[in-house]
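Build out the structure end to end from the sequences listed, making use of the hints.
Chains L, F and R are the protein sequences, given in the same order. Last residue of the first sequence: number 407 in this note's numbering, and the count goes up by one each step with no gaps. Last residue of the second sequence: number 182 in this note's numbering, and the count goes up by one each step with no gaps. Last residue of the third sequence: number 172 in this note's numbering, and the count goes up by one each step with no gaps.
These are computed hints drawn from the structure, not numbers from a lab. Virtual Cβ for every residue (Gly too), placed ideally from N, Cα, C. You may find that some hints are simply not true.
Not the full set, but computed from the structure, chain L residues with beta-carbon under 8 Å of chain R [stated by the list, open to error]:
1) 35
2) 41
3) 75
4) 77
5) 126
Residue-level listing of the chains:
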Amino acid sequence: MTPTLTQYLVISLLQIVVVMGFVMTLVPLLTFAERKVIGYVQVRLGATRVAGGLWGAQRGRTHQSRTFTGGLNGFMWWLGRWPVISIFRGLPMFIADALKLLTKEDIVPIEADKAVFVLSPALAMVAAFTVFAAIGFAPGALFYFPAKFPYLGGLPFYGFLTDLNVGLLFILGVASVGVYGIVLGAWASNSKYPLLGGLRSAAQIVSYEVPLTLSLLVPVVLTGSLNFNEMSTRMATDIPVNGLVGIGRTLLMFVGFFVYTTCGFAETNRTPFDLAEAENELVAGFHTEYSGMKFSFFFLSEYASMITVSALASAFFLGGHYLLPFGLQPTWNHFFQNSPSAFLAWTCTPSILWFLLKIFFLLFVFLWVRATVPRYRYDQLMDVGWKFLIPYTLVMFVIAALLRYAA
Amino acid sequence: MEQLLIKLGQYMFVIFGLLAVGGAGVLIFSKSAVHSVIGFLFSMICVAGCFLSLQAEFLGVAQLLVYAGGIVVLFLFVVMLVELTKYQEKGIFQTQTKFAIPLVGLGLLAFAGVFRTALFGASTNEALTLQPGLVGATENLGNAQAVSRGLFANFILPFEILSVILLVALVGAIVLAKSERV
Amino acid sequence: MASPRYSLLRTLIPFDIYGGMKLTGKYFGKVLRQANRGLKRTHVVVEYPEVPTTLMPRFRGRLQMIKDEQGEVKCVCCMACEKICPTQVITIEKGKKEGRKTPFPIRYDFEMERCIFCEFCVESCGFDSIILNHQFELATYNREDFSHAMEGGFQNMFDPTPVSHYSVSSED
Ligand code: SF4
Ligand code: SF4
Numbered sequence: 001m002t003p004t005l006t007q008y009l010v011i012s013l014l015q016i017v018v019v020m021g022f023v024m025t026l027v028p029l030l031t032f033a034e035r036k037v038i039g040y041v042q043v044r045l046g047a048t049r050v051a052g053g054l055w056g057a058q059r060g061r062t063h064q065s066r067t068f069t070g071g072l073n074g075f076m077w078w079l080g081r082w083p084v085i086s087i088f089r090g091l092p093m094f095i096a097d098a099l100k101l102l103t104k105e106d107i108v109p110i111e112a113d114k115a116v117f118v119l120s121p122a123l124a125m126v127a128a129f130t131v132f133a134a135i136g137f138a139p140g141a142l143f144y145f146p147a148k149f150p151y152l153g154g155l156p157f158y159g160f161l162t163d164l165n166v167g168l169l170f171i172l173g174v175a176s177v178g179v180y181g182i183v184l185g186a187w188a189s190n191s192k193y194p195l196l197g198g199l200r201s202a203a204q205i206v207s208y209e210v211p212l213t214l215s216l217l218v219p220v221v222l223t224g225s226l227n228f229n230e231m232s233t234r235m236a237t238d239i240p241v242n243g244l245v246g247i248g249r250t251l252l253m254f255v256g257f258f259v260y261t262t263c264g265f266a267e268t269n270r271t272p273f274d275l276a277e278a279e280n281e282l283v284a285g286f287h288t289e290y291s292g293m294k295f296s297f298f299f300l301s302e303y304a305s306m307i308t309v310s311a312l313a314s315a316f317f318l319g320g321h322y323l324l325p326f327g328l329q330p331t332w333n334h335f336f337q338n339s340p341s342a343f344l345a346w347t348c349t350p351s352i353l354w355f356l357l358k359i360f361f362l363l364f365v366f367l368w369v370r371a372t373v374p375r376y377r378y379d380q381l382m383d384v385g386w387k388f389l390i391p392y393t394l395v396m397f398v399i400a401a402l403l404r405y406a407a
Numbered sequence: 001m002e003q004l005l006i007k008l009g010q011y012m013f014v015i016f017g018l019l020a021v022g023g024a025g026v027l028i029f030s031k032s033a034v035h036s037v038i039g040f041l042f043s044m045i046c047v048a049g050c051f052l053s054l055q056a057e058f059l060g061v062a063q064l065l066v067y068a069g070g071i072v073v074l075f076l077f078v079v080m081l082v083e084l085t086k087y088q089e090k091g092i093f094q095t096q097t098k099f100a101i102p103l104v105g106l107g108l109l110a111f112a113g114v115f116r117t118a119l120f121g122a123s124t125n126e127a128l129t130l131q132p133g134l135v136g137a138t139e140n141l142g143n144a145q146a147v148s149r150g151l152f153a154n155f156i157l158p159f160e161i162l163s164v165i166l167l168v169a170l171v172g173a174i175v176l177a178k179s180e181r182v
Numbered sequence: 001m002a003s004p005r006y007s008l009l010r011t012l013i014p015f016d017i018y019g020g021m022k023l024t025g026k027y028f029g030k031v032l033r034q035a036n037r038g039l040k041r042t043h044v045v046v047e048y049p050e051v052p053t054t055l056m057p058r059f060r061g062r063l064q065m066i067k068d069e070q071g072e073v074k075c076v077c078c079m080a081c082e083k084i085c086p087t088q089v090i091t092i093e094k095g096k097k098e099g100r101k102t103p104f105p106i107r108y109d110f111e112m113e114r115c116i117f118c119e120f121c122v123e124s125c126g127f128d129s130i131i132l133n134h135q136f137e138l139a140t141y142n143r144e145d146f147s148h149a150m151e152g153g154f155q156n157m158f159d160p161t162p163v164s165h166y167s168v169s170s171e172d
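In structure tokens form, the structure reads like this:
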């Protein structure tokens, strides 16, 4: 059943709303998770309250007695008694954060280049969010509308927005435009710290784009395709781990995963490569002069590109929509495909659940690394990029070509 | 629906083309060097859009990746680092005007000739399609495959020569930068 | 691992980053399991307004005068504290009181807004008649609330600061 044009448009719109809604809710949740994870790693508690006297002033204080700090916060104190819920105390923080960013005064420096100053956060945001057009969250249809569904009955709802033939290149190309947001914003601020941050960021991103692209060439060579869904499926299920080729492939994907994530950290300006916003040297780096919504655009785009990097890494190296990473799935399937246990048989089938779980895990790794690894110095950064990662990826590329030739 | 999409593609091509020309105008006429670079970037992105609307996805995305993502960043880098006002006083700009004007005129003439044949000539129907016989590709082969087959099978020698020329440029740049430091 | 023979291997495979990640991961897991109050706590912070903080014995809070067992003011107006105070926030007026041999301060004013809590006054006092108590929630909304006196000031020198609605924790 082929959809008519309007049906097609309606479904596309729905898909866009779902994907964008997913990303847009994940980003503020990530900021909350960041506080919590870093807090726990540093043996603190992270955010557990929202604000001082929200909903009721502090009341009922007597000598030597417990007091409450307002309704909501008292409730959150109470929630701390329950094992799992106590982790999620302070969750309304992300609403408070969003409200704060929305209502803050929007300051444009007098000496700034107004047009470019306004343009650059938008550029960063558009680049970071357009990428999701080519990311396949699930290959094929996610579900079919039930036949009774008004207007759209029986039509598929895809897990991806577009099935571009050159999806991977599209992602890389659009993401690479995101650097202009940083550099132009830094220049337009007409101030020294942002300019230094922007220059650092430009040099960093341009140099790390090389190993990033090279490390993504490994899956391209192994699968012989540039289509996101086809690549992720074939990387997960193509060659069983037997014989030299399969083992080599698994090892290659294992190493490639680490190399790609390292480059991804650098591309998204995250610690340990966040020289563009090194607080101790550059105040806040490229967004020193930004405030309010414009700042939050930069913020959103950084977190959105974190999601992109996690999605790419989990699709190409961690097995995508299948359970096992590094191309181990065919072996698993070989043993459990026809197993009597329904659960074990289910683990052999692709599911969007695995993909999302992998994305969440990688996002957690982003925060974990931020709490662990100190920032690189600038020359160390360049050393890591040019003397370590690029040779590494070139060797990997050659090995991948050899494996492809042998297979 | 197919018909509609093709029509849309044609309109998009015209729109992107005009926008690209607009970006090029900004590049030439704006006072600030960084604005010029922004115009250049805009024009590059619009050219990528043109390629996409002609269903040459690979070319379009490569344009985005290489020009918009890589080369213009380096331009921007240099423009931001170098204070151009310092050199403006020394009068090193616009010294080649008398050579440039005839050359541009020649180029315009050549372009006009190309446009005339493209719009009214015999090749109207095949000017923008990849010739299957040329690249040795079948109909259902994807865009990227067709380009790569063309590059690495049919035109391998020109491709390699080009890359050697680029290598020469790279080595030259390194030599220049080195000698300055010594 | 430290031997130079492995240095190339250490360059190629980031063991040290792995070690750091293991350590932080261990702490994350611990705190994640024990974040609720039911279990033994690993985290080093207290949830302050509800859980009273424990102060170190040498904590320097607000200046407070003390009385002896008979309810007499211990201060004998030797002016040592007024003299040594680097910010000159203590003002004492010497006077006499019926049935008391030593001089009696008829006025003892203390302007907390400029006090730097250096405890010089307490050290200089040979009669142990003043202390810096353990209060730290000293914020007020008005400047006048900072002026302390024996009587008549906004806050009494003998009592602990009345904990008003801007301070929440309890006083020991
Ligand atoms: S603590 Fe220091 S500043 Fe405060 S009253 Fe005593 S001597 Fe003066
Ligand atoms: S040093 Fe002690 S006894 Fe002397 S005036 Fe000050 S508080 Fe009174």
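Tell me if the interface restraint on residue 75/L is satisfied: Cβ within less than 8 Å of some Cβ in chain R.
Residue 75/L check fails; min Cβ-Cβ to chain R is 12 Å, beyond 8 Å.
Return the status of the interface hint for residue 126/L: holds when the least beta-carbon distance to chain R is below 8 Å, violated otherwise.
violated (34 Å)
Agreement of hint residue 77/L with chain R interface, Cβ distance less than 8 Å:
The hint holds - residue 77/L has a Cβ within 8 Å of chain R, the shortest such distance being about 5 Å.
Measuring from the C-beta of residue 35/L to each C-beta in chain R, is the shortest one below 8 Å?
violated (13 Å)
Does the interface hint hold: is residue 41/L within less than 8 Å of chain R, judged Cβ to Cβ?
Nearest chain R Cβ about 5 Å off; hint holds.
Violated hints for the displayed structure, listed by number in ascending order: 1, 3 and 5.
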